[in-house]
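Protein chains in written order, with the numbering used here: chain A, 73 to 542; chain B, 73 to 542.
Where hints are given, some of them may not hold.
It does not matter which identical chain is used: a pair holds within one copy or between any two.
Straight-line Cα separation of at most 25 Å, BS3-like style, residue types lysine-lysine; simulated pairs [stated by the list, open to error]:
no. : residue 1 : residue 2
1   : Lys106    : Lys197
2   : Lys95     : Lys204
3   : Lys376    : Lys417
4   : Lys395    : Lys463
5   : Lys259    : Lys131
6   : Lys276    : Lys540
7   : Lys88     : Lys77
8   : Lys204    : Lys530
9   : Lys77     : Lys503
10  : Lys193    : Lys124
11  : Lys310    : Lys106
12  : Lys132    : Lys383
13  : Lys197    : Lys324
14  : Lys131    : Lys376
15  : Lys511    : Lys383
16  : Lys276    : Lys310
Read the hints as simulated data drawn from the structure, not as lab findings. Remember, predicted model here, so these are calculated numbers, not experimental data.
2 protein chains.
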Amino acid sequence: MSEIKGITPRDVDFAKWYTDVVKQAGLVDYSSVKGSMIICPYGYAIWEQMQKVLDEEFKKTGHENVQMPMLIPESLLNVEKEHVSGFAPEVAWVTYGGSEKLEERLCIRPTSEVLFCDYYKKIIKSYRDLPKLYNQWCTILRWEKTTRPFLRSREILWQEGHTMHRTEEEAREETLRMLHIYEDFQKNYLAIPVLVGKKTEKEKFAGAVASYSLEAMMYDGVALQNGTSHYFGQDFAKAFKIEFLDKDNTLKTPYQTSWGVTTRMIGALIMVHGDDRGLVIPPNIAPIKVDIIPIGEVSDAKEKIIEELRKRDISFVCDEANKTPGYKFSDAEVKGYPVRIEIGKRDLEQNEVTIVRRDTLEKIKCSIDEVGNTLENLFVDIQNNLYNRAKVRRDSMIYEANNWEEFSDIALHKKGFIKANWCGSIECETKIKDEFSMKSRCLIEDEKINTKCVVCGKEAKYRLYFGKQY
Amino acid sequence: MSEIKGITPRDVDFAKWYTDVVKQAGLVDYSSVKGSMIICPYGYAIWEQMQKVLDEEFKKTGHENVQMPMLIPESLLNVEKEHVSGFAPEVAWVTYGGSEKLEERLCIRPTSEVLFCDYYKKIIKSYRDLPKLYNQWCTILRWEKTTRPFLRSREILWQEGHTMHRTEEEAREETLRMLHIYEDFQKNYLAIPVLVGKKTEKEKFAGAVASYSLEAMMYDGVALQNGTSHYFGQDFAKAFKIEFLDKDNTLKTPYQTSWGVTTRMIGALIMVHGDDRGLVIPPNIAPIKVDIIPIGEVSDAKEKIIEELRKRDISFVCDEANKTPGYKFSDAEVKGYPVRIEIGKRDLEQNEVTIVRRDTLEKIKCSIDEVGNTLENLFVDIQNNLYNRAKVRRDSMIYEANNWEEFSDIALHKKGFIKANWCGSIECETKIKDEFSMKSRCLIEDEKINTKCVVCGKEAKYRLYFGKQY
Chain A
73 MSEIKGITPR DVDFAKWYTD VVKQAGLVDY SSVKGSMIIC PYGYAIWEQM
123 QKVLDEEFKK TGHENVQMPM LIPESLLNVE KEHVSGFAPE VAWVTYGGSE
173 KLEERLCIRP TSEVLFCDYY KKIIKSYRDL PKLYNQWCTI LRWEKTTRPF
223 LRSREILWQE GHTMHRTEEE AREETLRMLH IYEDFQKNYL AIPVLVGKKT
273 EKEKFAGAVA SYSLEAMMYD GVALQNGTSH YFGQDFAKAF KIEFLDKDNT
323 LKTPYQTSWG VTTRMIGALI MVHGDDRGLV IPPNIAPIKV DIIPIGEVSD
373 AKEKIIEELR KRDISFVCDE ANKTPGYKFS DAEVKGYPVR IEIGKRDLEQ
423 NEVTIVRRDT LEKIKCSIDE VGNTLENLFV DIQNNLYNRA KVRRDSMIYE
473 ANNWEEFSDI ALHKKGFIKA NWCGSIECET KIKDEFSMKS RCLIEDEKIN
523 TKCVVCGKEA KYRLYFGKQY
Chain B
73 MSEIKGITPR DVDFAKWYTD VVKQAGLVDY SSVKGSMIIC PYGYAIWEQM
123 QKVLDEEFKK TGHENVQMPM LIPESLLNVE KEHVSGFAPE VAWVTYGGSE
173 KLEERLCIRP TSEVLFCDYY KKIIKSYRDL PKLYNQWCTI LRWEKTTRPF
223 LRSREILWQE GHTMHRTEEE AREETLRMLH IYEDFQKNYL AIPVLVGKKT
273 EKEKFAGAVA SYSLEAMMYD GVALQNGTSH YFGQDFAKAF KIEFLDKDNT
323 LKTPYQTSWG VTTRMIGALI MVHGDDRGLV IPPNIAPIKV DIIPIGEVSD
373 AKEKIIEELR KRDISFVCDE ANKTPGYKFS DAEVKGYPVR IEIGKRDLEQ
423 NEVTIVRRDT LEKIKCSIDE VGNTLENLFV DIQNNLYNRA KVRRDSMIYE
473 ANNWEEFSDI ALHKKGFIKA NWCGSIECET KIKDEFSMKS RCLIEDEKIN
523 TKCVVCGKEA KYRLYFGKQY
């Protein structure tokens, strides 16, 4: 067991703080395989929690899991032109099988649209075959040059939903349904407020008609795109010649969506809630909710508490390592367990233990008989507090700019997002990116307004959010 | 929805029967990516059931899930000599990242011993760091020339446990512990009897000191190796220079195991229990236990039964497609749902429904109020019946040969396994393989005996099982 080393303070060097936390909390480790990371037990356990909740939501809404091949022949990747031009520069190519050179090279999937389309072409013949609502949990690979744990890495663990529908309306509904499942999940489980909206033409997914994203703001004011949902229209389906016989006995082309979230969400958890002591995991997603720390000979009280937690199905660890209490408190804080319970002899004289919540570090004296109820109330309170705290902070870092001067001033002197009116032209969007390294995040369609574009001064069509990004 | 086509009878052409069943039950489909298959929703749902049960067993026994990189640099694969010579001929090589030729080529993992060792070298420093009990759920890739769904394919979904221990004794215990977890799982969930024993030197895993396997017999008498557990001793650890400071303050080398099962288990399920009508899934592993088939206007009874199944958490589908009852019965049989419930008006006059068990096709009239209890009793009965039936059949196809003449006679005229005394020499084992295409399955160490080798007539040391294999 390695010692807990110092964590660089968050306000001193945020990037260093981040890598200190992921490493010392035991989320990831570096591999000697360049560009790849190892997801350690605690990091993987968080991902399993995320998978469990989302998988249940997907199934409730009628989706089925499947497993597609990992390798894509070059000719198949080439079928949809916009898509291949977006992905070809960043895939890994297999050219040999054993000692034999392949006739056609194969890439490791960077995403699986073409594999699903290739399959859908085979199985969709009639309107009775629609909708097809498939999802896949897998790893994908993108040949990134610079990598950061969870945020940018060659291998990504994710899920990718790929669906086909009879009508445009159904497909558009599906696109938004899944977007809102992600939104609810991030709010209710990750305690992360997200802006949810449409990507601009410039920023949309390669091959999509419309892309929607969830944009979270990290502690440093930088955006993390934390999930996307795409409406493809019929472009892929036409490229793959997918047709079905409709109710009216004519051949039609179906409408498509895809949507996905990745282990990036763990990066967001860290950078939204973490502090100088380490991780802070919201109770609703924590694989371990309680760290029990016995101090001295307190086995009766310990057993009683363990029994109570088991009865209520509250996940816990009990830290009986040969270390000082101080070390154990720090370890509980680095790992971000929602609460720790310190069982000490002095408290026991009053039949009490000390519960420490990770979000506020507040210490609560609690009668042993009340531990179960107290914890369950605390979990609700911590979950709400984390969300509200993140939202207040996020909202305080969203600025509004009404003209170029204001925009420049905020972009140069503030951290966070800028909300501005925009004419809809790619030139104006690009100018902001070039001047301030701020890409557009997403546009909120409800927020259409009638004023002037913050860049060109022409009539504005949209309210668009801008921000630097991970 | 495609029509159910005929299934080739099992006794006419077993290979054709198998592919008909996997395809028509909706377990897999062929991909246009050569050598790869698509696991369809129903096939993947069976795999999810397997994962759920096994993952819980692994966690109960202290194992933690992690995720290692998918790509292995050639130099890393080369570290352990026996291992690389076993795997190098059958890996896929990545040579380009985007448009850039790689300095060192990378293979897609065919198994992850070297990745775990590389990581263990970094994190194991003291006896306090031991044991390390890691497991990984992932896909691996082996460049197979000929493929069959679930049995032999380029991509394999599996789990691989990789553990490190302070002492040889602990590591050997772990090897057998996991072997017996697999055995219990196959018996209690898959209803498959397995021979469990040690592989010979000739058949052991590349790099292992001792390999143990679970050998199931398919309906056609052919063996399917349905899981393995390996004891590695210190060979990999020495090759990777993994050392720890022991309690006595000296540097020592740890002892290693690995163990895995794959989607092959689905192939075994099909070929052990399936029949001319399709799959037969044991209730304890069935993702869907009941198929409700309403015939005519019976919605009150249907709702009552659905409510009862929900209350008892019994998984079901309700087939309300616009098809004939006969079609639906066939569909339920192809998919191997443990029971179907036919709700018809005539039965309802007596307040009854008809329950049909898939294993025996027996029809049971059952009062609506008794459906829940009847089903729960039936599930136990079907599970036991499937196991016992498979065991009786398996046992009837294990023959004993006391000399070469007997061995030849059985090998040429019977289907199944042959149990024979063996001197322990690789020559005798090879002779049997060359003459009869029968590899040794495993040796049961308890069955050591004092008689003559069935091949050379010299003193026998072991009882060894032989059989053709998938």
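Each hint tested on the structure:
Proximity of Lys106 and Lys197 under a CA criterion of 25 Å is satisfied inter-copy only: 23 Å between copies versus 45 Å inside one chain copy. Taking the shortest alpha-carbon separations for Lys95 and Lys204, only the inter-copy value of 18 Å comes in at or below 25 Å, while the best intra-copy value is 41 Å. Proximity of Lys376 and Lys417 under a CA criterion of 25 Å is satisfied intra-copy only: 15 Å inside one chain copy versus 56 Å between copies. In this homomeric assembly, Lys395 and Lys463 never come within 25 Å of each other (Cα to Cα): the closest approach is 38 Å inside a single copy and 53 Å across copies.
For the homomeric pair Lys259 and Lys131, the shortest alpha-carbon distance inside one copy (20 Å) is at most 25 Å, but the shortest distance between copies (29 Å) is not. For a Cα distance limit of 25 Å, the shortest separation of Lys276 from Lys540 inside one copy, 16 Å, qualifies, whereas the shortest one across copies, 55 Å, does not. Taking identical chains as interchangeable, the C-alpha atoms of Lys88 and Lys77 lie at most 25 Å apart only when both belong to the same chain, with a minimum of 13 Å there against 62 Å between chains. For the homomeric pair Lys204 and Lys530, neither the shortest alpha-carbon distance inside one copy (44 Å) nor that between copies (64 Å) is at most 25 Å.
Within a single copy, Lys77 and Lys503 get their C-alpha atoms no closer than 44 Å, and across copies no closer than 61 Å, so neither meets the 25 Å cut-off. For a Cα distance limit of 25 Å, the shortest separation of Lys193 from Lys124 qualifies neither inside one copy, at 30 Å, nor across copies, at 32 Å. In this assembly of identical chains, Lys310 and Lys106 lie within 25 Å of each other by CA distance solely across copies; the values are 23 Å between and 39 Å within a copy. Proximity of Lys132 and Lys383 under a CA criterion of 25 Å is satisfied inter-copy only: 17 Å between copies versus 28 Å inside one chain copy.
In this assembly of identical chains, Lys197 and Lys324 lie within 25 Å of each other by CA distance solely inside one copy; the values are 10 Å within and 64 Å between copies. For a Cα distance limit of 25 Å, the shortest separation of Lys131 from Lys376 across copies, 23 Å, qualifies, whereas the shortest one inside one copy, 38 Å, does not. In this assembly of identical chains, Lys511 and Lys383 lie within 25 Å of each other by CA distance neither inside one copy nor across copies; the values are 50 Å within and 51 Å between. When the C-alpha separation of Lys276 and Lys310 is checked against a cutoff of 25 Å, the pair qualifies only within one copy, where the shortest distance is 20 Å, while the shortest distance between copies is 51 Å.
Consistency with the previously given hints fails for numbers 4, 8, 9, 10, 15, ordered from lowest to highest.
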